[in-house]
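K.L.:
Okay, here's what each chain looks like letter by letter:
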Amino acid sequence: MPGETVSRARYERAVKARAEAEALLEQKSRALWEANKALREQAEALEEAVRSRTEELERARAEAEAANDAKSGFLAVISHEIRTPMNAILGMAAGLEESGLPPDQQEMAQVILSSGRVLLDLLNDVLDLSKIEAGRMEMEMRPFDLRAFAAEERALFSEMAASRGLAFSVEVMADKALVVSDPTRLRQVLSNLLSNAFKFTREGAVAVLLTVRDGQLQMRVTDSGPGVPEAHRPRLFQAFSQGDASVTRTHGGTGLGLAISRRFCRLLGGDLVYEHVPGGGACFVATVALGAAPVADRRIDRAEGFKAEQVLRARRWRVLVAEDSETNQKVLRLVLKPFDLDLRMVTDGAQAVALRKTRAFDLVLMDVNMPVMDGLVAAAAIRAWEAGTGAPRVPIMALTANVMTHQVSDYATQGIDAHVGKPFRREELVQGMARLLKCPG
Amino acid sequence: MKGIVFTELLAMAEGVVGEAGVDEVLDGLALASGGAYSRVGNYPCSELLAIVSALAARTGVPAEDLQRRFGAWMHARFTQLYPGFFAAKDGPLHMLESIETEVHVEVRKLYPDAELPRFETSWQGEALRMCYVSPRPLVSFCEGLIHACGAHYGTPLRVDVTRVSDGEAVFDVSLER
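Going line by line, the protein sequences match chains A and B. Going by the UniProt record's numbering, the first sequence opens with residue 1, and the numbers climb by one from there. Going by the UniProt record's numbering, the second sequence opens with residue 1, and the numbers climb by one from there.
The shape of chain A in the complex, shown without the other chains (with noise of 0.2 Å):
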């Protein structure tokens, strides 16, 4: 068959061209071998490249978180570095304003003094805001009458609404007066809310409606005022952000209290929203969820402060105060001199436990941060002494700058059985001292 034998040509050009097509295979195979080589060192180099990078933002992470601490931390020593001088400049206003100052100078220490709460108030609200970025914002759950705290809410600003002749009414609607949640929190919450309607509403009302319901407590705060602009709403719960320039100018504050009041109301199982009232008007409302209520704890004192005030009068109490600042020991004087008690001032800690094992005293007011020895060792060291001798237990209460929960729970363990921070207000001193002074020990 003539298909049978091919002609030399034709084999010679099959040949070439399978040579040509081998050759072009070979060639490509080591194209291809190079390419994936290539490929798997630009992976290697991917991967090193992430893996530099990933310790990179780590590092960067890390520093970022220790600035952080250095700032709480920072801001921590710098607002108890304040709070020791604010504490004797209030007290000391407080004296001057009521030593009997003919009527301009009178008018200057109330403004010494209310500028200084204004001050102190600011100083509480970026130590709370620095707490709470820390994660160190302790909320203390305790049970409280609701109906007495929205008396006090009442009495707190009911001169402000009659002075600007506004209406104002605080209603409770719940079964129970007994709840649980952090109350001094709580205070701080509407208190914001009610000094905000306040602060915003000319004419009309400032209206706050308390309600338990479902084992959660709803504070409702609304007020005639302009309202919020739909504008400044994404921003009203952002810290030191309000609503414009012009109100820092016309209504002060720093832009911090509805920031740390929904903070507030989330550590606490609940939130703070602003809801938009149709007729006009601002509403915001706060939830937080309530703890069970012990059933035994019936023990609330409406008529504590008046009470405190008998007891520290019953008699000449005799008190031990280690303060090494001579002007807080001058405060101590003053907010104490209404009452005929039987003070000795010492400067330490030393001091102090070597007077406490000479006399006998009714009460120990212990300062913590104090040269030579300071109060924390003084108070153990006085309960060593009373353990060893039988001598009675005196009670101790620490007088501190150290405002952190944790802080005063280690005073517990350190033989302290209360605490009063300073600046303290004469009542919260003298209802702790009146506790201390009828259950001894």
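Hints are computed from structural coordinates only; laboratory data are not their basis. All C-beta atoms, glycine included, are put in the ideal place defined by N, C-alpha and C. Treat the hints with care, as some may be off.
[What the hints assert, rightly or not] Within a straight-line C-alpha distance of at most 30 Å, the following computed DSSO-like cross-link-like pairs (lysine-lysine) qualify:
{"no.": "1", "chain 1": "A", "residue 1": "Lys37", "chain 2": "B", "residue 2": "Lys109"}
{"no.": "2", "chain 1": "A", "residue 1": "Lys28", "chain 2": "B", "residue 2": "Lys2"}
{"no.": "3", "chain 1": "B", "residue 1": "Lys89", "chain 2": "A", "residue 2": "Lys37"}
{"no.": "4", "chain 1": "A", "residue 1": "Lys337", "chain 2": "A", "residue 2": "Lys438"}
[Said to hold, decoys possible] Short derived list, chain B residues pointing at chain A, Cβ under 8 Å:
{"no.": "5", "residue": "Asp27"}
{"no.": "6", "residue": "Gly34"}
{"no.": "7", "residue": "Gly35"}
{"no.": "8", "residue": "Val40"}
{"no.": "9", "residue": "Gly41"}
Following the hints, complete the assembly by docking chain B onto the known chain A.
P.N.:
The following block gives chain B in isolation, referenced to the frame of chain A:
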């Protein structure tokens, strides 16, 4: 130009002039490749044109007709080699429309050095206008390929060709009614 074009051209030529005829044609041309083509190689287009001319002279069939027949032959090969492209289209016009935007895109991925013609398409009512631009004078080859595409889908096509130059033409393609 890709070797497959040459191996396919010779396969078609064998059917027309026989093995010996093809050998004679190749031997009679002074080709740089010596007429030894493999599917995976690359060869100059001038060799293709030389072979087509020699075949035309030997058979008496005009070179343009040979190009058209070769276009149809290549289309048949494409449908065997790459059936996916054809199955995805519902008719010849959509298939032709996708040459530039889909087929050539895939070809470039496999052969970055491939020198492909351009087919810019636009719709003229129900007709497809294809503007062909190539450095190679293969207008008739394209015409054969377009007709074969219609045949593949069982829909004969009417193709009006307007030649602009050797490597440039406008094909107005519509369904034959």
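K.L.:
If a hint holds in the structure, say so; if it does not, say that too.
P.N.:
How the hints compare with the structure:
no., hint, result
1, Lys37/A to Lys109/B, "20 Å, holds"
2, Lys28/A to Lys2/B, "15 Å, holds"
3, Lys89/B to Lys37/A, "39 Å, violated"
4, Lys337/A to Lys438/A, "20 Å, holds"
5, Asp27, "6 Å, holds"
6, Gly34, "6 Å, holds"
7, Gly35, "5 Å, holds"
8, Val40, "5 Å, holds"
9, Gly41, "5 Å, holds"
Against the hints set out earlier in the document, a violation occurs for number 3 only.
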